[in-house]
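Dock chains B and C against chain A, hints included.
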Amino acid sequence: MGQEEIRGLLPVLELYLSNPLVIMMLEILLIFIKVVVVTLVVFSLPLPLTYMERKVAGHIQVRLGPMRVGPHGILQPLADMIKLFFKEDIIPSKADPWLFRIAPVISMVPVFAVFATIPFGDKITIPFINYEVSMYISDMNVGILYVLAIAGLSVYGIILGGWASNSKYALLGGLRSSAQMISYELALSFACIGVVMIVNSLSLVDIVKAQSGWHWNIFYQPVGFVIFFIAGLAEINRIPFDLPEDEGTLGAGYHSEYSSMRFAFFMLTEYVAMVSMSILAVLLFFGGWNGPSFLPGIIWFVIKVVLCIYFFMWTRFTFPRYRYDQLMSIGWKVLLPLSLLNILITGLIII
Amino acid sequence: MAEQIFFFIFAVLAVGSAIAVVSFKNPVYSVLSLMVCFLQMAALFVMLRSPFLAVVQVFVYVGAVLVLFLFVIMMLDIRKARMDQFITGGNFWAIGLLGILIIEMILIISKSRLTSITVSSELRLDGGVREIGEALFTKYILPFEIVSFILLVALMGAIVLGRKELR
Amino acid sequence: MLLTYLPVLIISGFVIFIATFVFIINSIVSPKKPSSEKLSPWECGMEPIGEASSGHFKIHFFIIAILFIVFDVETLFLFPWAVVLRDIGMVAFVEMFIFIAILAVGLIYAWKKGALEWV
Numbered sequence: 001m002g003q004e005e006i007r008g009l010l011p012v013l014e015l016y017l018s019n020p021l022v023i024m025m026l027e028i029l030l031i032f033i034k035v036v037v038v039t040l041v042v043f044s045l046p047l048p049l050t051y052m053e054r055k056v057a058g059h060i061q062v063r064l065g066p067m068r069v070g071p072h073g074i075l076q077p078l079a080d081m082i083k084l085f086f087k088e089d090i091i092p093s094k095a096d097p098w099l100f101r102i103a104p105v106i107s108m109v110p111v112f113a114v115f116a117t118i119p120f121g122d123k124i125t126i127p128f129i130n131y132e133v134s135m136y137i138s139d140m141n142v143g144i145l146y147v148l149a150i151a152g153l154s155v156y157g158i159i160l161g162g163w164a165s166n167s168k169y170a171l172l173g174g175l176r177s178s179a180q181m182i183s184y185e186l187a188l189s190f191a192c193i194g195v196v197m198i199v200n201s202l203s204l205v206d207i208v209k210a211q212s213g214w215h216w217n218i219f220y221q222p223v224g225f226v227i228f229f230i231a232g233l234a235e236i237n238r239i240p241f242d243l244p245e246d247e248g249t250l251g252a253g254y255h256s257e258y259s260s261m262r263f264a265f266f267m268l269t270e271y272v273a274m275v276s277m278s279i280l281a282v283l284l285f286f287g288g289w290n291g292p293s294f295l296p297g298i299i300w301f302v303i304k305v306v307l308c309i310y311f312f313m314w315t316r317f318t319f320p321r322y323r324y325d326q327l328m329s330i331g332w333k334v335l336l337p338l339s340l341l342n343i344l345i346t347g348l349i350i351i
Numbered sequence: 352m353a354e355q356i357f358f359f360i361f362a363v364l365a366v367g368s369a370i371a372v373v374s375f376k377n378p379v380y381s382v383l384s385l386m387v388c389f390l391q392m393a394a395l396f397v398m399l400r401s402p403f404l405a406v407v408q409v410f411v412y413v414g415a416v417l418v419l420f421l422f423v424i425m426m427l428d429i430r431k432a433r434m435d436q437f438i439t440g441g442n443f444w445a446i447g448l449l450g451i452l453i454i455e456m457i458l459i460i461s462k463s464r465l466t467s468i469t470v471s472s473e474l475r476l477d478g479g480v481r482e483i484g485e486a487l488f489t490k491y492i493l494p495f496e497i498v499s500f501i502l503l504v505a506l507m508g509a510i511v512l513g514r515k516e517l518r
Numbered sequence: 519m520l521l522t523y524l525p526v527l528i529i530s531g532f533v534i535f536i537a538t539f540v541f542i543i544n545s546i547v548s549p550k551k552p553s554s555e556k557l558s559p560w561e562c563g564m565e566p567i568g569e570a571s572s573g574h575f576k577i578h579f580f581i582i583a584i585l586f587i588v589f590d591v592e593t594l595f596l597f598p599w600a601v602v603l604r605d606i607g608m609v610a611f612v613e614m615f616i617f618i619a620i621l622a623v624g625l626i627y628a629w630k631k632g633a634l635e636w637v
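From first to last, the protein sequence lines are chains A, B and C. Taken in order, the first sequence gives residues 1 to 351; the numbers are from this note's numbering. Taken in order, the second sequence gives residues 352 to 518; the numbers are from this note's numbering. Taken in order, the third sequence gives residues 519 to 637; the numbers are from this note's numbering.
What the hints contain is simulated information worked out from the structure, not anything from laboratory work. Where a beta carbon is used, it is the ideal one built from N, C-alpha and C, also for glycine. Wrong hints could be hidden among the right ones.
As the list claims (entries may be wrong) - Subject to a maximum C-alpha distance of 27 Å in a straight line, what follows is the list of computed DSSO-like cross-link-like pairs (lysine-lysine):
#1 C:576 x C:630
#2 C:576 x B:515
#3 A:333 x C:576
#4 C:576 x B:376
Stated by the list, open to error - Going by beta-carbon spacing under 8 Å, a handful of chain B positions derived as facing chain C:
#5 395
#6 398
#7 402
#8 483
#9 485
#10 487
#11 496
#12 506
#13 507
#14 509
Here chain A stands alone, though its shape is the one from the complex (with noise of 0.2 Å):
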């Protein structure tokens, strides 16, 4: 096509462009890209994140951690996958066929919606079209309530998980584990209402923009910090929180029937679980992706949850873990307490 054949195309092309279906159908098809892209590098993410929690297990320890597969275990993680791929699957006969299937399934959904609000970065614009792209999938004004409501949904593939196996320790460690997962989400709640009243909106991109400039909220809120940090280690049942998936006493607890690729899901959830825990405290109190100018905003933002992945695992290998009626009790009689306290405290400040 010669240029005198594309400068005739350029007024079409205007008129059709602002056609404001064909803008409303841009929207739709980049809101579609942004899910894809979004949910396959967090698909994904569970990978580098076993190797590195194994390592880093491995160097608390003082021994080398995954050494063989690849250069310094590095592939360790792709055999692990391949590894579950190809493992038989057990149904046990008698546990509930359907449930069985779709508690997996019930457990991911809710981590991965999380992922819709989650502002990754400010907007950038495409330098040729001079289009602004959000780094965000949608920014629901009511952003930090979803998040939490969402969070509140993913008791149910353990205890979807725990009941469809039919098996004692199976139930009793789904019940517990959802038990403790609600104590808790009590005081989660209560740690991101402190954050809402420094900030007036329930946003989650008003939050992080109110912190530019170094006024980060964990210098405001830093009880509310450690609250969230806590109430957050029990939600995502990691250690020391873990009672309910001992290995030691309950047999693995509400998956402990279930194998090779269901098994793969379960855990791939507790990860992702994870990772969306790091980024909203990082969102909520350490300022998103502010951070002195000489990197990207995105830098930033993958350098501070990245260091709060790895706070986490820190405490995995640090700490014993509680006993399940004292962990109840710390969440009942110590941290809720403790946050109403903060959330009184703050608003007499601000008043």
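Below, chains B and C without anything else, positioned relative to chain A:
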């Protein structure tokens, strides 16, 4: 146009799962259908331009009340006691009554103003959290405090009921 | 404005699609050799005793769930309050203080009656 398609999908799913709640024999399946029904209602709230109510619906109903239902169902041995206590026979009268109620409801709705109400599409642009907050703490203080009393009474009631087992 | 809520549906659908896809491939690829030992539920290497759901009723779970509902409703009243606190000022703070105090009385009652102990 697209809104109407979505509305129909959500409405059909909501009614279908509500019927499924009372039709399943396995109580856990009933609770799961109820969860689907509540999620469709949350979607309908979003379509009515009220995302705060939608998220509240998910947060409280799906996240708390249904968890309570599941706990109770899973701990009582409901698998065995399923259908033993239901009245067998007598379905004829139930279906007849249902038919009369359906006809009555269709007549009432078609004569009311409900079918001509449309949602004005630019009514609220920000989800209304701020408006709800301002209304709640200026005009509706008294119902708000009464809600706290209701919650307190519910809490005490549950503990009193369970007190014998706690010993 | 509704377009901001569409991604929720898209993500859920996409994740369910990927999950089903992986399961289908997995069922094609993995071996299938069921034996009676593999199919029975695990109980320390012995045969399981009794039905899985018999004799497990612990009132503790029920009380925790009800406590959770009550405080959940309290949480969702706190959210609009947190957003408008700066605009309304001391009046809203006093009202919420009364609200939280009443529910704190409930929590203390539960504590004293031993509802938070057990299991």
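Hints, one by one, checked against the model:
| no. | hint | verdict |
| --- | --- | --- |
| 1 | C:576 x C:630 | holds (19 Å) |
| 2 | C:576 x B:515 | holds (12 Å) |
| 3 | A:333 x C:576 | holds (20 Å) |
| 4 | C:576 x B:376 | holds (25 Å) |
| 5 | 395 | violated (12 Å) |
| 6 | 398 | holds (7 Å) |
| 7 | 402 | holds (7 Å) |
| 8 | 483 | holds (5 Å) |
| 9 | 485 | holds (5 Å) |
| 10 | 487 | holds (6 Å) |
| 11 | 496 | holds (6 Å) |
| 12 | 506 | holds (4 Å) |
| 13 | 507 | holds (6 Å) |
| 14 | 509 | holds (4 Å) |
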